[in-house]
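Residue numbers (this note's numbering), protein chains in the order written: chain B, 1 to 468; chain U, 1 to 468.
No lab work stands behind these hints, which were simulated from the structure alone. It is possible that part of the hints are untrue.
All copies of an identical chain are treated as equivalent in the list; a pair is satisfied when it fits inside any one copy or across any two copies.
Listed below are the simulated PhoX-like cross-link pairs for lysine-lysine, each with C-alpha atoms no more than 25 angstroms apart in a straight line [claimed, not checked]:
id: 1; residue 1: Lys187; residue 2: Lys66
id: 2; residue 1: Lys417; residue 2: Lys107
id: 3; residue 1: Lys187; residue 2: Lys404
id: 4; residue 1: Lys410; residue 2: Lys377
id: 5; residue 1: Lys388; residue 2: Lys278
id: 6; residue 1: Lys354; residue 2: Lys11
id: 7; residue 1: Lys107; residue 2: Lys404
id: 8; residue 1: Lys377; residue 2: Lys35
id: 9; residue 1: Lys404; residue 2: Lys377
id: 10; residue 1: Lys366; residue 2: Lys278
id: 11; residue 1: Lys464; residue 2: Lys187
Please read these numbers as outputs of a predicted model, since none were measured by experiment.
Protein chains: 2
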Amino acid sequence: MKNIERVIISKALKRVDFGKEINIKGWVRTRRGNKNVSFIAINDGSTINNIQVVVDLTKFSEEELKPVTTGASVSVNGLLTQSMGQGQSVEIQATEIEIYGTADPEKYPLQKKGHTLEYLREIAHLRPRTNTFGAVFRIRHNMAMAVHSFFHERGFFYFHTPIITSSDCEGAGQMFQVTTMNLYDLKKDEFGSIDYSGDFFGSPAALTVSGQLEGELGAMALGAIYTFGPTFRAENSNTPRHLAEFWMIEPEVAFIEIAENMQLAQDFVQYCVNWALKNCIEDVEFLAKMYDNELIDRLKFVIENDFVRLTYTEGIEILLKAIENGVKFEFPVEWGVDLQSEHERYLVEQHFKKPVILTDYPKEIKSFYMKQNADGKTVRAMDVLFPKIGEIIGGSQREEDLEKLTHRAKEMNIPEKDIWWYLDTRRFGTAPHSGFGLGFERLMLFVTGMQNIRDVIPFPRTPKNATF
Amino acid sequence: MKNIERVIISKALKRVDFGKEINIKGWVRTRRGNKNVSFIAINDGSTINNIQVVVDLTKFSEEELKPVTTGASVSVNGLLTQSMGQGQSVEIQATEIEIYGTADPEKYPLQKKGHTLEYLREIAHLRPRTNTFGAVFRIRHNMAMAVHSFFHERGFFYFHTPIITSSDCEGAGQMFQVTTMNLYDLKKDEFGSIDYSGDFFGSPAALTVSGQLEGELGAMALGAIYTFGPTFRAENSNTPRHLAEFWMIEPEVAFIEIAENMQLAQDFVQYCVNWALKNCIEDVEFLAKMYDNELIDRLKFVIENDFVRLTYTEGIEILLKAIENGVKFEFPVEWGVDLQSEHERYLVEQHFKKPVILTDYPKEIKSFYMKQNADGKTVRAMDVLFPKIGEIIGGSQREEDLEKLTHRAKEMNIPEKDIWWYLDTRRFGTAPHSGFGLGFERLMLFVTGMQNIRDVIPFPRTPKNATF
Chain B
1 MKNIERVIIS
11 KALKRVDFGK
21 EINIKGWVRT
31 RRGNKNVSFI
41 AINDGSTINN
51 IQVVVDLTKF
61 SEEELKPVTT
71 GASVSVNGLL
81 TQSMGQGQSV
91 EIQATEIEIY
101 GTADPEKYPL
111 QKKGHTLEYL
121 REIAHLRPRT
131 NTFGAVFRIR
141 HNMAMAVHSF
151 FHERGFFYFH
161 TPIITSSDCE
171 GAGQMFQVTT
181 MNLYDLKKDE
191 FGSIDYSGDF
201 FGSPAALTVS
211 GQLEGELGAM
221 ALGAIYTFGP
231 TFRAENSNTP
241 RHLAEFWMIE
251 PEVAFIEIAE
261 NMQLAQDFVQ
271 YCVNWALKNC
281 IEDVEFLAKM
291 YDNELIDRLK
301 FVIENDFVRL
311 TYTEGIEILL
321 KAIENGVKFE
331 FPVEWGVDLQ
341 SEHERYLVEQ
351 HFKKPVILTD
361 YPKEIKSFYM
371 KQNADGKTVR
381 AMDVLFPKIG
391 EIIGGSQREE
401 DLEKLTHRAK
411 EMNIPEKDIW
421 WYLDTRRFGT
431 APHSGFGLGF
441 ERLMLFVTGM
451 QNIRDVIPFP
461 RTPKNATF
Chain U
1 MKNIERVIIS
11 KALKRVDFGK
21 EINIKGWVRT
31 RRGNKNVSFI
41 AINDGSTINN
51 IQVVVDLTKF
61 SEEELKPVTT
71 GASVSVNGLL
81 TQSMGQGQSV
91 EIQATEIEIY
101 GTADPEKYPL
111 QKKGHTLEYL
121 REIAHLRPRT
131 NTFGAVFRIR
141 HNMAMAVHSF
151 FHERGFFYFH
161 TPIITSSDCE
171 GAGQMFQVTT
181 MNLYDLKKDE
191 FGSIDYSGDF
201 FGSPAALTVS
211 GQLEGELGAM
221 ALGAIYTFGP
231 TFRAENSNTP
241 RHLAEFWMIE
251 PEVAFIEIAE
261 NMQLAQDFVQ
271 YCVNWALKNC
281 IEDVEFLAKM
291 YDNELIDRLK
301 FVIENDFVRL
311 TYTEGIEILL
321 KAIENGVKFE
331 FPVEWGVDLQ
341 SEHERYLVEQ
351 HFKKPVILTD
361 YPKEIKSFYM
371 KQNADGKTVR
381 AMDVLFPKIG
391 EIIGGSQREE
401 DLEKLTHRAK
411 EMNIPEKDIW
421 WYLDTRRFGT
431 APHSGFGLGF
441 ERLMLFVTGM
451 QNIRDVIPFP
461 RTPKNATF
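Given the sequences, and given the hints that come with them, work out the whole structure.
See the structure below:
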C-alpha cells in the first residue's frame with residue numbers, strides 16, 4: 001500500500017483540496033451499497049462524524065471487501081472528493097484499502113445497532129466505540145480542559161492533594177481501607193486490637209473523600225489553588241447518582257469571602273458550559289438529539305442567567321408559601337431540614353426560573369469548618385442549584401478563627417490530634433478564605449444530559465463492580 | 001479600613017501607574033528597618049517575588065506594627081511607588097494595615113530561615129509557604145498545564161482510567177489492597193479462603209499501578225488518549241526515587257508505530273521543558289540559584305538537541321566498548337541485562353551528550369503486551385533517557401496480534417480470564433498502536449533540579465508515612 005500521510009477524520013472533513021490523495025485510518029461503522037458501489041462509513045474517534053469512503057466495485061473485488069464489516073479496522077488511500085450526499089461535505093474515492101483487524105459479525109458485541117445503555121455498561125471496555133460514548137468522553141475531555149483553563153487563566157495553581165490518607169475529618173461518608181497486611185495473618189496487640197505497625201503506612205489508611213482540608217493548606221501558601229482528582233465513597237448506594245470512585249474539583253482561595261466565592265462558582269460553571277457549547281457542540285447536539293431535546297436550552301439557560309442569591313432561610317419561606325398555595329412535596333419542609341432535590345428544583349425550575357445559590361445554612365446540617373455567622377445558628381455555606389440536577393456545587397467561607405473552629409470541631413467529636421495540622425493554618429497567619437467542591441460527574445451529567453452517572457465516566461466503580 | 005480592590009502581587013509588581021492607591025494581601029516574609037521607617041516584605045503565593053511595603057513610622061505606632069512578624073497575614077492599602085531599592089521595581093507606601101492573623105515568633109515553625117529540606121518534609125502542611133516549595137508547586141501546576149495543553153493541541157482526549165481495579169496484569173509491583181471488610185470479623189468460605197462476596201466490590205480490589213491497559217481501550221475507540229492520574233506501588237522502598245503514590249501520564253495512540261511514538265515522546269518532553277522556561281522562569285531560576293546551578297543548562301540541553309535513537313543492542317555494544325576503554329561500572333553489562341542508571345547516564349552524558357531513546361529490548365525484561373520483533377528475541381520497547389535522571393519515559397509499540405499476545409501472556413503466567421477484555425481489543429478491529437508512560441514526579445525532578453522525589457509532590461506517601 002502506498003505510503004501517504006494520514007489525516008485525522010475531524011480534519012479531513014474540513015478540507016477542501018478536492019482531488020488530493022489522502023490516507024485515513026479508523027473503524028468501520030457501516031457498509032452499504034449496491035452492485036456497482038460500496039459506501040463505507042469510517043470513524044476514528046476524533047469526531048462524532050464518519051467519513052464516507054466510496055468504493056468502485058469495478059476496482060475492488062467482493063472478496064477484498066468481505067472483511068470490511070462493522071468494527072473492522074482499516075487504512076484507506078483515496079481521493080478527497082466533494083460529496084453529493086446529504087449531511088456530509090467530503091468523501092473519499094478509495095484507491096487502496098488495507099484491513100488491520102477484522103471484527104467477526106457473529107461475535108462482535110457492537111455489531112447490531114440500538115443497544116441499551118444498560119447493556120453497554122456490561123461491555124464498558126467496548127462502549128467508547130459507540131457514538132454515544134464517543135461523544136460523552138470527548139465532552140469529558142473538554143470539560144477537564146475547561147476546568148484547567150479557567151483556573152489557569154485566573155492564576156490558580158493545580159494542587160495534588162493526597163489520595164491515600166490517614167485522616168477522615170470531613171466525615172463525608174464511609175471510607176475504603178487501604179492496606180498491605182496479609183489478611184490471613186493479621187497481627188494483634190496485647191489488647192486484641194489490630195497491630196498496624198506492620199502495615200505499609202504504620203497506621204490505618206484510607207482513600208480520601210475530599211481534598212479540601214489539604215487544599216486549604218495550599219491556599220494559605222499559594223493564595224489560590226484547585227484540586228482535580230479522584231475521591232471515594234464506600235456507600236452501598238446502587239443509584240443512578242452514586243459512584244464509589246469519582247472525580248472532584250475543589251478550588252480554595254485565600255482572602256476571599258462568601259460573596260466572591262459565589263461569583264467564582266458562577267463564573268466557573270458558566271465557563272465550563274460555555275466551553276461545551278463552543279468546543280463540542282456537535283457531540284452535545286448528538287446527545288440532545290438522541291436523549292434529551294431540552295439539553296441545549298438548559299445549557300443556555302445557565303450561561304444566560306445570573307444566579308439568584310438568597311439565604312436558606314429565605315428559601316424555606318418560599319417553599320412554605322408554595323405549600324400553602326397547594327404545591328406538594330414528598331419530603332417535609334421546615335427550618336433546619338436538609339433540602340431535598342425536589343425542593344431545590346422547585347426553587348430553580350418553578351419559582352425563580354434561574355440557577356440559584358442558597359447560603360447561610362443551619363450549622364447542624366453542615367461541616368465543622370464552615371464560618372459561623374453572628375446569629376449562632378447558621379454558617380456561611382453555599383449550594384449552587386441547577387435545573388434537573390439540583391445541587392451541583394457545595395462550598396463555604398471557612399472558619400478562620402482558631403478558637404471558634406476548635407470549639408466546633410470538639411462539638412462535632414473531631415479529635416484535635418487528627419487535625420492539628422489543619423488547625424495550624426489558623427494558628428499561624430490565618431486569613432479569611434473560601435472554597436467549594438464540584439463533582440465532575442455532576443457537571444458531566446448536566447452538560448451531556450445523560451441520566452445515569454455510570455454513563456459519564458469510562459469505568460464506573462459501584463457496589464460489586466470493579467471490572468476492567 | 002478603606003475598601004480598595006485587591007491586586008495580586010505578581011500583577012502589582014508589573015504595574016507602572018505609580019501614585020495609585022491599591023490593596024494587597026499576603027503573608028509577611030520579613031520585616032526590617034530603623035527608627036523612621038519599616039520595610040515589610042509580603043508574599044501572597046502568586047510569585048516567588050515579594051512586594052515591599054514601606055511604613056513611615058511617623059504615621060504608624062510601634063504597637064500597631066508589633067504583630068507584623070514573619071508568617072502573619074495582612075492586608076495593606078497604600079500608594080504604588082517606583083522603588084529605589086535594588087532588584088525591585090515597585091513598592092507600596094502604606095496608608096493602612098490590617099492584620100488578619102498573627103504568627104507567634106516563639107511558635108511559628110518557619111520563623112527562622114535556612115531550614116533543611118528534611119525538616120520541611122516533617123511540616124509538609126506548612127512548607128508550601130517557603131520560597132523553595134512555593135516555586136516547586138507553581139512549577140508543578142505549570143507542568144500539569146503543559147501536559148494538558150500539549151495533548152489537547154494534538155487532538156488527544158484526556159481519559160480517566162480507574163483507580164480501584166480488580167486486575168493486576170502489569171505485574172508492575174506490589175499493590176495496595178482496598179477493602180471495606182471488617183478486619184475483626186473476616187468471613188471465610190468452606191476452604192478457609194477469605195470470602196470476598198461481602199466486600200464492597202464482591203472480589204479482591206486494589207489500587208492501580210498503571211492505566212495503560214484501560215488506556216488502550218480508550219485509544220482503540222477515540223483514536224488518541226492520555227491518562228493523567230495517581231498510581232500506586234506498595235514497594236517498601238525508602239529512597240529519594242520512590243513514592244507509594246505518584247502521578248502518571250500515559251498517552252496511547254491508535255495507528256502509530258514505534259517511530260512516531262518516539263517522536264511523540266520527544267515532542268512531549270521538549271514541550272513541557274520549554275513551557276517551564278517560558279512560563280515559570282523566575283521559579284526555575286530561583287531553584288537553580290539555590291540548589292543546582294547547572295539546572296537551566298540541562299533544560300536547554302534537552303530542548304535544543306534531537307534525541308539520539310538506537311537499539312538496546314547497539315547501546316550494549318557502546319557500553320562494552322567503554323568498559324574495554326577503562327570505564328568502570330558498578331553493575332555488569334551484557335546483552336540481556338536491564339540497564340542501570342549509571343549505564344543510561346553514561347550513554348546520555350558521556351557518549352552521545354544528547355538525550356537518548358533506546359529501543360528493541362530483550363523481551364524477557366519487558367512486559368507481555370509489547371510488540372514482538374521478528375527476531376524472536378526483542379520487543380518494540382522504548383526508553384527515553386535523560387541527563388541526571390536516567391529513564392524518564394518508558395513505552396512501546398503494543399502487540400496487536402491476538403495470537404502472539406495471548407501466547408506471550410500465557411508464557412508470563414497471566415491468566416486469560418483476567419485480561420479477556422483487553423484481548424477483545426485485538427479480537428475486534430485490532431490495529432497497530434503505541435504509547436508510553438511518564439512519571440510526573442520524574443519530570444518534576446528534572447525540571448526543578450530537586451534531588452528527592454518527596455520534595456516535588458505536596459504530600460508524599462512513603463513507608464510509614466501518610467500524614468496530612
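Evaluation of the provided hints:
no., hint, result
1, Lys187 with Lys66, "neither (63 angstroms within a copy, 54 angstroms between copies)"
2, Lys417 with Lys107, "between (58 angstroms within a copy, 18 angstroms between copies)"
3, Lys187 with Lys404, "neither (41 angstroms within a copy, 45 angstroms between copies)"
4, Lys410 with Lys377, "within (17 angstroms within a copy, 65 angstroms between copies)"
5, Lys388 with Lys278, "within (22 angstroms within a copy, 44 angstroms between copies)"
6, Lys354 with Lys11, "neither (38 angstroms within a copy, 35 angstroms between copies)"
7, Lys107 with Lys404, "between (65 angstroms within a copy, 20 angstroms between copies)"
8, Lys377 with Lys35, "neither (79 angstroms within a copy, 48 angstroms between copies)"
9, Lys404 with Lys377, "within (13 angstroms within a copy, 68 angstroms between copies)"
10, Lys366 with Lys278, "neither (36 angstroms within a copy, 44 angstroms between copies)"
11, Lys464 with Lys187, "between (28 angstroms within a copy, 17 angstroms between copies)"
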